[in-house]
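The letter at position 652 of the sequence shown is residue 652 when you use the working numbering, and the numbering goes up by one with no holes.
Calculated directly from the structure, the hints in this document are not laboratory data. Just so it is clear, CB atoms sit at the ideal spot from N, CA and C, and this is done for glycine as well. Among the clues, some could well be false.
[To be verified] Below, in silico cross-link-like pairs of lysine to any residue (SDA-like), each with a Cα-Cα straight-line distance of 20 Å or less:
| # | residue 1 | residue 2 |
| --- | --- | --- |
| 1 | K958 | A849 |
| 2 | K958 | A920 |
| 3 | K958 | P846 |
| 4 | K958 | E919 |
| 5 | K940 | R962 |
| 6 | K958 | T947 |
| 7 | K958 | D853 |
| 8 | K958 | R848 |
| 9 | K958 | R815 |
| 10 | K940 | L952 |
| 11 | K958 | G847 |
| 12 | K958 | R850 |
| 13 | K958 | G805 |
| 14 | K958 | Y942 |
| 15 | K958 | E838 |
| 16 | K940 | E919 |
| 17 | K940 | K958 |
| 18 | K958 | R851 |
[As the list claims (entries may be wrong)] Computed Cβ-Cβ distance ranges for the label pairs, DEER-style:
| # | residue 1 | residue 2 | range |
| --- | --- | --- | --- |
| 19 | R213 | A109 | 56 to 66 Å |
| 20 | E622 | S946 | 18 to 28 Å |
| 21 | I943 | A100 | 43 to 53 Å |
| 22 | D35 | S946 | 55 to 65 Å |
| 23 | G336 | L198 | 26 to 36 Å |
| 24 | R237 | R176 | 53 to 63 Å |
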Amino acid sequence: MPPLPVSPPHDPYDPSRTAPVGRESEYRRLDHALDRCAAGAGSVIVLHGSVGSGRSDLLYAFTDTAAERGVQVLVGTGSPLEREFPLGLARQLLQGADLAPEEAATAEALLAEGAASGTVPAPSDRPTGQLTQRVLEGLFRLVRGLAERAPVLIAVDDRQDADPQSLEFLLYLVRRTRGTGVLTVLSSRETMTPAHPLFEVELARQPHHQHIRLDLLGTELVAEVLRTRLGAAAAERHAAEAHTLTGGNPLLVHSLVGDQERAGSPGTLVVGEGYRRGLMHCLHRIDPLALHYARGVAVLGTGATPELLAELLLLAPDALPRALYLLHAAGLFRDGGFRHPTAAGDLLAAMRPLELAALHQRAGRLLRAAGATAATVDGHARVAEGHLRSSLGPAPAAGAGDPGAVLPEFGGGGGAWEVPGPGSGTESAVTADAAAEDTAGEEAGATGGFGPVPAHPLQLWSGRAPAGPAVECVPTLPGTVTDADTALRHELKRLRHHFWHGRIDEGTAALARFEAVPGQAVHTEALRHWLAYWYPALLPNPARRTGPHDGATADRGDGMRLLAALLAGTVSPEDAVVRAELVLRAGRLGGVRTESLTAALTVLLYADRADRATHWCTPLAERAGARCGAHWHALLAALRAEAALRQGDLRSADEAGRAAFAHVRPEAWGVAVGLPLATMAAARTALGLHQDAAHFLELATPAGLEQTPAGLHHRYALAGHRLALGRAEQALADYRACGDTMARWGVDHLPAIAPWRLGAARAQLALGRPGSAAALADQQLARLGPVGHPRIRGLALRIRAAAGGPAERTELLERAVGLLEEAGAESELAAALGDLSEAHQHDGDPGRARRADRRVRRTPALAVVPLRAQAPAPVSLLPVPLPVSLPPVSPLPMAGRPLPAVGVPVAAPAESTAGGLSEAEGRVAELAARGLSNRDIARKLYITVSTVEQHLTRVYRKLGVRRRVDLARLLGPVPPGAADGAPPRPDFPRRADLVAG
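Take the sequences, apply the hints, and build the full model.
Here's what the structure looks like:
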């Protein structure tokens with residue numbers, strides 16, 4: 001290796017001349033490592049610091065100096081947008097290498113081979129096992145060949161955003177470069193949790209590893225920066241104030257100095273556009289959780305308690321200290337708040353208006369509950385209203401006969417939200433006509449008797465508003481109603497409307513006043529049965545006193561009474577299923593209120609017969625047609641989504657959930673919104689789309705939701721989401737909270753409402769406590785009794801098998817498979833079959849293991865040829881399509897087997913995608929399913945007919961089919977735009993399809 005050029009006496013590489021101001025000591029350590037590299041002693045150095053700490057400036061200043069000294073510099077930068085490109089960072093490094101033509105060809109071939117083998121997703125914390133020895137050794141030989149000609153500097157910026165395959169290559173490289181002239185410098189930003197912890201652990205084990213942390217600049221170093229750029233006088237005058245404003249963050253310091261240079265010499269420190277832009281740059285590049293925390297502080301102010309911030313941001317309290325540490329470590333916060341008064345406003349101004357409105361709305365509700373002043377709460381209400389209006393445009397003018405526009409409420413009333421219509425003041429609010437009123441009565445029954453929904457001309461999504469009459473929800477003024485029956489109907493509507501919006505205190509007081517009038521209590525019997533379901537702990541359940549009514553009335557038309565009786569435990573689930581289907585059968589013939597029909601469907605769900613609920617949803621929807629209002633169709637779609645979710649039909653669950661919001665706007669759902677939101681979140685969690693799930697769980701909900709079954713479903717979905725993210729302790733607490741709620745309501749005898757014991761058992765397995773998991777599963781099995789509940793029983797047996805020993809696992813799994821098959825729970829059946837196949841393999845019975853595998857491939861939930869999983873992204877309530885394929889179901893962690901990485905599908909063999917087919921096989925299978933001949937497929941894909949035949953042979957074997965018609969059945973209908981036979985493309989949501997929030 002030729003030596004580096006001898007430095008002249010004045011030493012042009014003096015760190016004081018080339019290092020960024022304040023980083024001379026760090027630069028000196030890098031320069032010393034470069035000298036050792038020139039002597040043939042390689043090393044690896046990690047530059048670590050907070051956002052804006054000057055890591056990139058130091059790294060690139062060092063690479064410039066190294067290049068001037070004749071060192072071969074290979075530079076690459078990680079990016080979140082390229083994290084999914086296998087060996088993308090390695091390609092950047094080698095593109096800057098001085099390779100001979102044959103070496104460049106070898107490098108390209110190795111990178112292509114490595115990228116192909118790296119298409120199987122790896123757990124984010126284990127960037128190994130994806131590249132073959134041939135690829136790793138070949139790339140290493142290329143770098144070693146470069147080092148034999150001259151010293152090599154490998155400089156990687158933003159290493160935390162690199163692709164796993166490139167990190168695997170870097171690990172392979174640094175293990176072998178200690179005795180070579182290769183210096184590797186990796187720059188990474190401080191985050192809440194390391195993106196690849198095992199990479200960092202393995203890197204730190206290397207004897208030639210060094211760690212350099214870039215701390216914030218002290219006051220003296222800030223003064224030096226000012227002295228260098230503004231002069232000694234400005235440095236002496238402004239150094240202390242500049243350090244207070246920037247916290248010593250180098251990016252903010254230089255941004256602030258730039259403001260002074262543009263302002264001239266005003267004599268005072270100018271905080272201009274440069275500083276504000278630099279601060280926003282830091283906040284939006286910091287860890288997302290820290291950014292989320294900063295937004296919460298911007299909304300509530302520095303005086304907010306940690307408990308209030310955690311509630312506002314829907315975060316676990318133990319996550320807040322780490323987020324606060326990152327903000328302080330970067331110099332962005334001081335004493336728990338921003339360093340400059342404009343920072344909070346600038347940060348909130350960068351948010352989407354609808355997202356910001358929801359945050360202020362939630363803040364108002366929490367502050368009201370915490371006893372804040374009315375002025376503070378109304379201030380948040382006005383801000384939220386302003387952001388809604390600025391985003392959605394002005395409300396259309398209310399003409400004659402239109403109800404007054406009403407914006408979403410905090411759940412406790414409050415005039416700040418109301419937009420008066422033309423009849424405000426002394427005039428009456430305009431009521432709906434008789435036809436609309438009749439339809440409203442039907443729709444009130446459809447929503448379980450929730451009553452009319454306030455008009456809301458401002459939409460929370462683009463496109464046309466859902467159809468359906470706007471029904472007034474204001475008190476009837478004296479003298480406007482003369483018919484006694486109509487007046488009674490209006491009064492009962494007002495009572496239900498209070499509870500609909502979660503205004504429990506107002507509703508309870510109004511109900512007491514109404515029943516205090518002699519002879520009026522008889523008219524609230526139906527309302528009390530309705531309240532027995534929606535607010536189980538509010539009033540005594542009438543069914544506990546009377547039991548279910550026998551005879552034609554109870555069987556044919558009183559589904560709400562039947563639901564109350566099921567909750568009270570005065571009718572068994574098996575008997576309730578029979579009676580509910582009698583109600584639904586009568587409903588097909590007409591003459592049964594829609595409230596009774598939706599209650600009967602709920603009975604089937606809570607009796608663990610989601611298969612029967614799915615069976616009845618279609619004929620009821622056909623029966624309804626255009627005769628029923630939007631709210632009936634919305635609630636039916638929500639129940640259909642929940643039934644599909646419980647059967648493992650995730651695509652149908654997502655589609656039905658979106659249909660529910662297409663019929664009725666989210667803010668018009670009242671407290672019932674928790675049900676479709678929970679279903680959508682659970683479906684997205686099961687699909688591995690955790691960011692989408694978090695979006696649905698973070699949407700604003702009415703006050704009082706937690707006192708309803710919809711709130712219980714919402715909490716259960718949140719627990720499942722946290723468990724999927726690896727927050728097992730938080731999930732366990734949520735599951736236990738669900739159990740406490742069910743016990744307090746007296747409905748713990750119905751585990752199908754929210755099987756919290758099974759969720760808690762899964763959390764215990766994730767925490768490595770199989771004994772606790774087995775105890776919970778045994779408790780659930782004991783409470784089920786000898787018959788019924790096939791789905792819950794099958795799930796409990798599967799968990800029991802995972803927590804138990806190998807000797808009993810096979811028998812338990814065989815029983816679980818039979819029960820899940822009976823219940824029609826497709827995705828859980830596929831997971832149980834996968835566990836059963838593994839158990840057979842462990843027992844030394846490969847034949848039975850193969851048969852179980854074939855059954856897995858034939859399970860409809862998994863019989864889809866995957867193309868590419870959708871990247872998690874925020875979603876709206878628009879009908880954005882799901883990913884083309886469903887991820888395979890991850891197995892439960894068995895006793896003695898580690899938990900799979902959270903949110904990552906189980907790795908398939910290296911030559912295949914996660915679903916069993918390689919990308920090439922998937923393309924061929926799609927075209928064959930569309931009816932193209934082998935020759936046409938070969939022409940479309942530019943391959944030979946023989947290659948097509950080989951791909952099809954493997955496809956048939958992997959999917960367990962024999963003919964092309966079977967492929968068409970598995971793949972479903974041809975996607976839009978694919979009729980020309982072109983290879984399908986992943987159907988990702990377009991940016992234009994997404995709504996802010």
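Failing hints, ascending?
-> 5, 9, 13, 14, 17, 19, 20 and 21
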